[in-house]
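Colleague: To convert a position in the sequence shown, counted from 1, into our numbering, add 201.
Don't read these hints as lab results, they were simulated from the structure.
Backbone N, C-alpha and C define an ideal beta-carbon position, used for all residues, glycine too.
There could be a bad hint or two in this list.
Said to hold, decoys possible - The list that follows gives simulated cross-link-like pairs (lysine to aspartate or glutamate, EDC-like), each with its CA atoms no further than 16 angstroms apart:
| id | residue 1 | residue 2 |
| --- | --- | --- |
| 1 | Lys729 | Glu751 |
| 2 | Lys424 | Asp530 |
| 3 | Lys938 | Glu830 |
| 4 | Lys832 | Asp816 |
| 5 | Lys638 | Glu749 |
| 6 | Lys921 | Asp907 |
| 7 | Lys270 | Asp282 |
| 8 | Lys316 | Asp545 |
| 9 | Lys924 | Glu945 |
| 10 | Lys924 | Glu975 |
| 11 | Lys355 | Asp292 |
| 12 | Lys924 | Asp907 |
| 13 | Lys638 | Glu691 |
| 14 | Lys445 | Glu656 |
Stated by the list, open to error - Derived DEER-like restraints, expressed as beta-carbon distance ranges:
| id | residue 1 | residue 2 | range |
| --- | --- | --- | --- |
| 15 | Asp437 | Asp1011 | 50 to 60 angstroms |
| 16 | Glu600 | Thr721 | 48 to 58 angstroms |
| 17 | Val470 | Ala908 | 52 to 62 angstroms |
| 18 | Glu600 | Asp334 | 26 to 36 angstroms |
| 19 | Pro654 | Pro246 | 51 to 61 angstroms |
| 20 | Ala338 | Thr712 | 50 to 60 angstroms |
| 21 | Ala655 | Tyr418 | 24 to 34 angstroms |
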Amino acid sequence: MSLQYKPLSLVALATTAVLYGCGSDDSVEKTYVYDDATKTGLWCPLPQIVQTVDADYYPLSADEIAALKAAAMARDGAAFDAAEFNAYTYDYDGINLFDVLGLTLAEKARQVTAKAEARAFKVSQGQQDIFGDGFDAWFDSWFASVPLTDYLGKSERLSKASRGNELSLSSANNSEEICYTPPAACPNYLVPDESGTFTCITPLDNPLAEEQPTVGYMAPAGKAAIFYRSAQHITDGDNTEVYKDLTIHTWNDPDCTAYQDESTTDWGVGKPAAGIDPNYGMYWTMDLLDSPDQCGNMIVYNRVSGAKRISEADLRVPLANSGHLANLDKMSYLQDGITANNYDGRLYANPHPLLGAAAGGSKACGWGLELDVTGEVCVGQALAAQCPVGTIAVGEGQEEIASKCILEFDPAATTLYLRGGFNDWLTTNQLAYTNGKFRLNFSYGSHPESATPAEDGTVNYGFKVADADWAEASSFGAIKGGDSPAVGSEVALTAGNGVGQDMFIGLKEDTIYQYVLNATNPAAVTLKINEVPLAVFPVMTIDGEMVELEYSGAGQFSSRMTLAPDTYSISIADMDAGFAVGAGTDTTVVLNQPYPLVAAGSALSLTVGQQNEYDFILDLSTPDMPTLEVKPGKPLGNTAVFIRGSLNDWLAPASDEIVFDDASRSYSVIYGLEASENAYQFKFASEDWSTVDMGYSAFDMSADADAIPLTDVGGNIGIKVDKSSSYLFKLDFNGAKPVLKVSELPIYIRGGMNDWLEEDQLAFNATNAANSNEAGHVYVRTIALTTDNVFFKVATADWSTVNLGAPTDDGLAVEIGQEVSLAASNGNLAIMPSVAGDYKFSFDLTNKTLVITGPN
202 MSLQYKPLSL
212 VALATTAVLY
222 GCGSDDSVEK
232 TYVYDDATKT
242 GLWCPLPQIV
252 QTVDADYYPL
262 SADEIAALKA
272 AAMARDGAAF
282 DAAEFNAYTY
292 DYDGINLFDV
302 LGLTLAEKAR
312 QVTAKAEARA
322 FKVSQGQQDI
332 FGDGFDAWFD
342 SWFASVPLTD
352 YLGKSERLSK
362 ASRGNELSLS
372 SANNSEEICY
382 TPPAACPNYL
392 VPDESGTFTC
402 ITPLDNPLAE
412 EQPTVGYMAP
422 AGKAAIFYRS
432 AQHITDGDNT
442 EVYKDLTIHT
452 WNDPDCTAYQ
462 DESTTDWGVG
472 KPAAGIDPNY
482 GMYWTMDLLD
492 SPDQCGNMIV
502 YNRVSGAKRI
512 SEADLRVPLA
522 NSGHLANLDK
532 MSYLQDGITA
542 NNYDGRLYAN
552 PHPLLGAAAG
562 GSKACGWGLE
572 LDVTGEVCVG
582 QALAAQCPVG
592 TIAVGEGQEE
602 IASKCILEFD
612 PAATTLYLRG
622 GFNDWLTTNQ
632 LAYTNGKFRL
642 NFSYGSHPES
652 ATPAEDGTVN
662 YGFKVADADW
672 AEASSFGAIK
682 GGDSPAVGSE
692 VALTAGNGVG
702 QDMFIGLKED
712 TIYQYVLNAT
722 NPAAVTLKIN
732 EVPLAVFPVM
742 TIDGEMVELE
752 YSGAGQFSSR
762 MTLAPDTYSI
772 SIADMDAGFA
782 VGAGTDTTVV
792 LNQPYPLVAA
802 GSALSLTVGQ
812 QNEYDFILDL
822 STPDMPTLEV
832 KPGKPLGNTA
842 VFIRGSLNDW
852 LAPASDEIVF
862 DDASRSYSVI
872 YGLEASENAY
882 QFKFASEDWS
892 TVDMGYSAFD
902 MSADADAIPL
912 TDVGGNIGIK
922 VDKSSSYLFK
932 LDFNGAKPVL
942 KVSELPIYIR
952 GGMNDWLEED
962 QLAFNATNAA
972 NSNEAGHVYV
982 RTIALTTDNV
992 FFKVATADWS
1002 TVNLGAPTDD
1012 GLAVEIGQEV
1022 SLAASNGNLA
1032 IMPSVAGDYK
1042 FSFDLTNKTL
1052 VITGPN
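Between the sequences and the hints, there should be enough to build the whole structure, so can you do that?
Modeller: Next comes the structure, spelled out in structure tokens:
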């Protein structure tokens, strides 16, 4: 049988009645026509295929029928109707028929082939070296864990038995040919594979040819063409911007050697397009070898961002003259929204145009991949638990990246280099290693004359961090689907050939970029890139202890230390860079005051009177005017500080402690206030009123548009509010003097009753009529509810300052009248009143509890 199909007309066939039932019309008879040119016997109308009768096609045995019935009963329980059960027509949805019926002869043969292919793939990943003598045992165990549906598709025993039952087949019919419709659902540009090697394959002739416009370019002899149609393509329109910066990477390797040398490219350089077809998109032409292999390697990508099109995995073009990779005219097509064809775990372009093609059919994943929970995306299989000691898993959960085990990185024994387009991917820029971190200050000069800078003046370059040999364990790139490197950010990296992706960064002329690869955990390496004012890695020595000052932004390097009350001697230098700064005439550093440093100055002196964490900030934003500032890590020290005033009888309950946020260097507390003509008075103080006591004069008042005016009331701070609501009190310590801001912070009931919008705001619950300036932490809202089940949470507009739901991610059903505890989880709260009406939601922010009462 030929593995390629032609849509042959039945009128061309001479027939002899033997077996009936080919196609939907039972008058179509079995044929014994044999065509020497196509090497085919019986011809069947698509989507049927020719098959030879064997035991796979015998009707179901009594044991098989009993097994199917038992499986159906186990699934359906009391709902199972034995009288209505028909083994051939019953709906077995959700039942694994491989478990019930086992494998057919054809499936067993395909399993053997699949296992050999999977083994070859794992060997190509280097897993034989990783597992050593235990490879065979590991591989057998791993392959056994792969779901049969991953490589066999849907079980065919029932559909084949049904065909056999229709035709009353038995061993007497062995070796005869029949028409059979496999249970595969192929897209309209593919057909079922008669050989059973694959689920669907490309037909030799284009099944959509009559519906498609003519291709504007056809590859002449000795050339191949690759077309890519973007989802944004404008048919017969101007697509210049759509395909701007797109290019193609092509290369030869031992499996696919097809291109002339001048048609291969370096990554990041690419090949100019031959043109843009009005219907089929941008295309490139390649010069082929005199006897090319049956495939060619290629990737379509954006040369600026590095983003790949169609797939993150390497792609291939089919170039064979026969078989499932046949491509007689050497024209190949890719189109957004249409998955590349998967043969033996490799992704191939289609040899026919895809315009008008439906993307239907089952999603196919290669070896080392599995479908994610959506069933639409192939991701790296979970593998970490199987990796031997001294190795780690890479590629897990990454889209279209096959997972594997690789040797664990040994930082202390490795020399790493910054390698990219800016240095021709060479080893000219070595990173220095100290204490688990690799560092490099990379000075970028002028752009190449051939480069075209972006609007911000940068030129984009691809790069990786790797050793001289590109060893798998020490060649680091981006994680597919993870964060992209950017100046001022830190991103996770991964090693692994084919796993770590090329990274891209835009560089400005005459700028110093600092690269810090953190390998303190070799299994979780990160990279941070910063633009720095000087090419230094300053180290502070304080009483003989050396402390690295890390870049923290805005031209500043910093570190935090815990110091006991004492006087300390401080010096700052980077001896490798010839950098040293210190004291001038006066050596004393005063807390919270920038100290002007001088080149090659003497040691500094710092005295602290309280044990605390202290931030050391070296400011090099003006390189010729460096300063050092030392200030407490927590500006108010380690003593608890409270909001104290008329709102809480000037007491200091635990609920009223102001909370420090290190990232914003600010303290805050949320308080409920009643609308009143009378001013509340308050201060910020420790419980003893002596360690901390901050009134009006201690602050600058915020000038933000949403800030509520504050007044000086005899040294206390005064505030009036015209709305009973929740308010945020925030103390910002980023400047020389702290800034105080009070603003309304609405808290809402957000859920299905209001489309999760900011509509049902909680109001402060004032309960004491005798007190016109009541304050506290309980808020209420009355909401009309129906008897429908509704999900909800308690949250602010930003879903972060307050975002409270069920105690766990599993969710929680709230009973009317019963207090429930809330937590910051992904679980929603749910309520289903038995009676429609108005229900009162009472929320206690201090205790994080909620009570719903009603109907009112």
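Colleague: All hints are to be evaluated individually against the structure, with a verdict given for each.
Modeller: Here's how the hints hold up against the structure:
For the suggested pair Lys729 and Glu751, the alpha carbons sit about 11 angstroms apart, so the restraint of at most 16 angstroms is met. Proposed proximity of Lys424 and Asp530 is supported: the alpha carbons are some 9 angstroms apart, at most 16 angstroms. Between Lys938 and Glu830, the direct Cα distance comes to roughly 14 angstroms. Compliance with the 16 angstroms bound is thereby established for this hinted pair. Between the alpha carbons of Lys832 and Asp816 the distance comes to roughly 5 angstroms, so the proposed pair stays at or under 16 angstroms and holds.
This hinted pair checks out: Lys638 and Glu749 have alpha carbons roughly 11 angstroms apart, not beyond 16 angstroms. Between Lys921 and Asp907, the direct Cα distance comes to roughly 14 angstroms. Compliance with the 16 angstroms bound is thereby established for this hinted pair. Pair hint Lys270 plus Asp282 holds up; C-alpha atoms about 10 angstroms apart against a cutoff of 16 angstroms. For the hint pairing Lys316 with Asp545, the CA-to-CA distance comes to about 11 angstroms; that is within 16 angstroms, so the pair holds.
About 9 angstroms separates the Cα atoms of Lys924 and Glu945, which keeps this hinted pair within 16 angstroms; it holds. Distance check on the hinted pair: Lys924 and Glu975 sit about 12 angstroms apart at the alpha-carbon level, within 16 angstroms; holds. For the proposed pair Lys355 and Asp292, the alpha carbon gap of about 14 angstroms is at most 16 angstroms, so the pair holds. For a cut-off of 16 angstroms, the pair hint linking Lys924 to Asp907 stands: about 14 angstroms separates their Cα positions.
For the given pair, Lys638 sits about 13 angstroms from Glu691 by alpha-carbon distance, which is consistent with the 16 angstroms threshold. With a C-alpha separation of about 15 angstroms, the suggested pairing of Lys445 with Glu656 holds against the 16 angstroms cut-off. Restraint check, Asp437 to Asp1011: a C-beta distance of roughly 54 angstroms satisfies the suggested window 50 to 60 angstroms. The hint said 48 to 58 angstroms for the Cβ distance between Glu600 and Thr721, and at roughly 28 angstroms that hint is violated.
Judged by the Cβ atoms, the range 52 to 62 angstroms given for Val470 and Ala908 holds: they are separated by roughly 54 angstroms. In this structure the hint that Glu600 and Asp334 lie 26 to 36 angstroms apart at CB holds, the actual value being about 34 angstroms. A hinted range of 51 to 61 angstroms holds for the C-beta pair Pro654 and Pro246, which are about 60 angstroms apart. One distance hint, 50 to 60 angstroms for the beta-carbon pair Ala338 and Thr712, holds here, with the actual separation near 54 angstroms.
Range check, Ala655 to Tyr418: about 31 angstroms between beta-carbon atoms, so the 24 to 34 angstroms window is met.
Violation of the numbered hints given earlier is confined to hint 16; every other hint is satisfied by the structure.
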